[in-house]
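In case you want the letters, here they are:
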Amino acid sequence: MATQQTSKHSGTGTQPDPMLVRPLQIQRIIRDLGDTFSLILQPPDGEADFSFQPGQFNMLYVYGVGEVPISISGDPARREILVHTTREVGTVTRAMRKLKVGDSLGVRGPYGKGWPVDKVENQDVVLLTGGIGLAPLRPMIHYLLTRREKYGRIVLLYGARTPEDILYRKDLEKWRSRFDLEAHLTVDHATGAWRGNVGVVTSLVRRSPFDPQNCIAMVCGPEIMMRFAVMELQKRGVADDRIYISMERNMKCGIGLCGHCQLGPTFVCKDGPVYCYADIKDIFTKREM
Amino acid sequence: MTEITLPDKHVVVLERKNFQSLLDALSESGYELLGPTVRDSAIVYERIHAVDEFPVGWVDECEPGKYRLVKDKKKTLFGYTIGSQSWRRFLHPPTNKLWEATRDGNGFKVIQPEPDQIKRALIGVRSCELAALAIHDKVFSQGQYIDNSYQERRRNVFVVAVNCVRPGGTCFCASMKTGPKATSGFDLALTEMCVSNRHYFIVEPGSKAGKKLVDKLPVKQPKESEIKAAQKELNRAAAGMTRTIDSEHIGKLLNEKFDDPHWEAIAERCLACGNCTMVCPTCFCTNMQDSTDLTGQHAQRQRRWDSCFTVDYSYIYGGSIRNSVTSRYRQWMMHKLVHWQEQFGMSGCVGCGRCITWCPVGIDITEEARQLTVTE
Ligand SMILES: Cc1cc2nc3c(=O)[nH]c(=O)nc-3n(C[C@H](O)[C@H](O)[C@H](O)COP(=O)(O)OP(=O)(O)OC[C@H]3O[C@@H](n4cnc5c(N)ncnc54)[C@H](O)[C@@H]3O)c2cc1C
Ligand code: SF4
Ligand code: SF4
Ligand code: FES
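Line order of the protein sequences matches chains Z and E. All letters in the first sequence, in the order written, are residues 480 to 768 by the numbering used here. All letters in the second sequence, in the order written, are residues 4 to 379 by the numbering used here.
The reader is advised that the hints may include incorrect statements.
[Said to hold, decoys possible] In silico DSS-like cross-links for lysine-lysine, where the CA-CA straight-line distance does not exceed 27 Å:
| no. | chain 1 | residue 1 | chain 2 | residue 2 |
| --- | --- | --- | --- | --- |
| 1 | E | Lys141 | E | Lys78 |
| 2 | E | Lys112 | Z | Lys579 |
| 3 | E | Lys180 | E | Lys12 |
| 4 | Z | Lys765 | E | Lys260 |
| 5 | E | Lys100 | Z | Lys760 |
| 6 | E | Lys255 | Z | Lys765 |
| 7 | Z | Lys749 | E | Lys100 |
| 8 | Z | Lys749 | E | Lys255 |
[Stated by the list, open to error] One side only, chain Z facing chain E, incomplete, derived with CB under 10 Å:
| no. | residue |
| --- | --- |
| 9 | Ile505 |
| 10 | Val568 |
| 11 | Gly569 |
No wet-lab data here; the hints were simulated from the structure. Idealized CB from N, CA, C, for every residue including glycine.
With the hints as extra help, turn the sequences into a complete structure.
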């Protein structure tokens, strides 16, 4: 028996095939760090409207090599360009780093649920991250600063391996010079003239000026770091439903059809990558789920 | 258990000697026929043309880790219970080209393949397999994103279901409430009756297309005794199943057993071969494979079936999420019986029993579920 067709689900024709990639052209490349680079993308011709929610990701395809999920890291108000910051770790990201201005990159998205932009009004906002984890949070910082008067204190806690590994240095300098955003940096290993904090980023939570009863915390980093971050936030008295974390899983489709990103009953590509901690704490604490 | 009955209207009788007319009518309507046949000592679903390609008189014997075909005295067409592989490979092929791309200056152009417009008639779909089809409809064409490739193939399908009068050795559809009689999702449902010197089919149309097809067949009205005899067989089949899963409570019960030591005991036997996921009619996981030809001028993306039993399946930079076999077996079983419910509002297991039959070490999902949830 044939399936029932409704106009919304009528496959070929009316709905674009979500598996098809759209080639975009690299307009500019920023070599952020030794292994990290930002690609600024635009369509080869015509208009662009890359609206997205901070925290969402795209599937990026390197011609003939493969496709990987990468968060959108640009300013959501600048809808004419698409910005992705990627760290080279393996096959696809290595090939991506070799691309030049003028080359094409395939894009599908934006996918997933982003940071809780609708929950932060009148709240203090704590952004806690390390390394490349700053990339998925940068759109959120832009978003907050564009509407600065709507929020209480904004506290950014950022950790890097060494002072040389600090991402978005220029942005951080700009943000630190503002009186309405507090940025605290720390490094695992001090080098050269570093006179700032040394130690893990989660240890900054204890001394940060925010109101635990009226804040939203957004955490992005390796799972082990997020575990400690949650513990520190809980110690400060932040309730579980005020903590948001961004999860990473293997992803082959980005749209709930390949199965790979399953995390318990959820699909990270659709139900995440950003989760409210209260919703997944039972799953999050289980090993090899 | 509720009594199984056949509807008293629209049901007709097709004699075995006229069975080819059903195949011909489907062919004339433009359908490619896919049905059961014997290959490599197993029942498989393949392209067929004529009734003599059916597994005439062959019966399958299924046990945990064992499968055997034996000849029966009766010359049934559907005397076996179930194909070794499910129908899903026709609608969600094991390898499937999603698109191609060609170089274009510095960039590339993406070319969508021609839509698949083949009309397929699936002949001999069991009730549990209908349930599996309904599950894939939900997964691939009723969510936020529609799988075009599935949808294209699915919309042109004609389903000839066959009710089960002989449950296989590993079946448990009755307890999963998916069989043994087909209740929806078919165009025609057959009950094969092979008694003393009579061999005929009770034919139940389940759709307009099914009714239209019946009009082309040399059928007659059934006698009351014929209907009664068929009903008796169906009820006997339902009662004959020995394996069960408490489908109503299993999700909740199993969900509390994440840390149970019994998972380790299963993992000691499990080879993580992935057979169970390959024969499962509802598994849908895939991997993507991107490649280029030697010139680099042409690229393509292939989608291939994947299995959560592989280590790579959950790989992220730094290592896999599910390294132990324990965690991978648990993912499989919890996905089928627990998480599927939350994801799609239905069970991911339909009770076909294939994973039990084709497990090289005979791991039995019904038995493991029982062990995990038994309360002393
Ligand atoms: C929602 C989401 C957002 C992400 N955002 C960013 C970002 O903004 N910047 C960034 O640098 N990285 C990001 N990542 C991680 C990035 O996807 C991986 O680094 C990348 O997939 C590695 O691919 P590879 O082929 O280079 O590595 P390999 O080690 O060769 O990996 C082989 C395959 O495993 C999978 N894989 C490996 N590592 C990961 C991983 N960490 N997460 C998911 N799949 C993985 C991929 O399918 C990859 O193709 C994100 C991951 C997710 C899930
Ligand atoms: S996760 Fe495993 S059990 Fe679930 S559908 Fe995929 S392969 Fe099948
Ligand atoms: S349960 Fe059986 S079929 Fe499945 S992976 Fe383990 S050994 Fe293979
Ligand atoms: S990435 Fe394919 S299901 Fe989530």
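How the hints compare with the structure:
no.	hint	in the structure
1	Lys141(E) <-> Lys78(E)	violated (37 Å)
2	Lys112(E) <-> Lys579(Z)	holds (18 Å)
3	Lys180(E) <-> Lys12(E)	holds (24 Å)
4	Lys765(Z) <-> Lys260(E)	holds (12 Å)
5	Lys100(E) <-> Lys760(Z)	violated (39 Å)
6	Lys255(E) <-> Lys765(Z)	holds (17 Å)
7	Lys749(Z) <-> Lys100(E)	holds (24 Å)
8	Lys749(Z) <-> Lys255(E)	holds (24 Å)
9	Ile505	holds (9 Å)
10	Val568	holds (5 Å)
11	Gly569	holds (7 Å)
Violated hints, in rising order: 1 and 5; the structure is consistent with all others.
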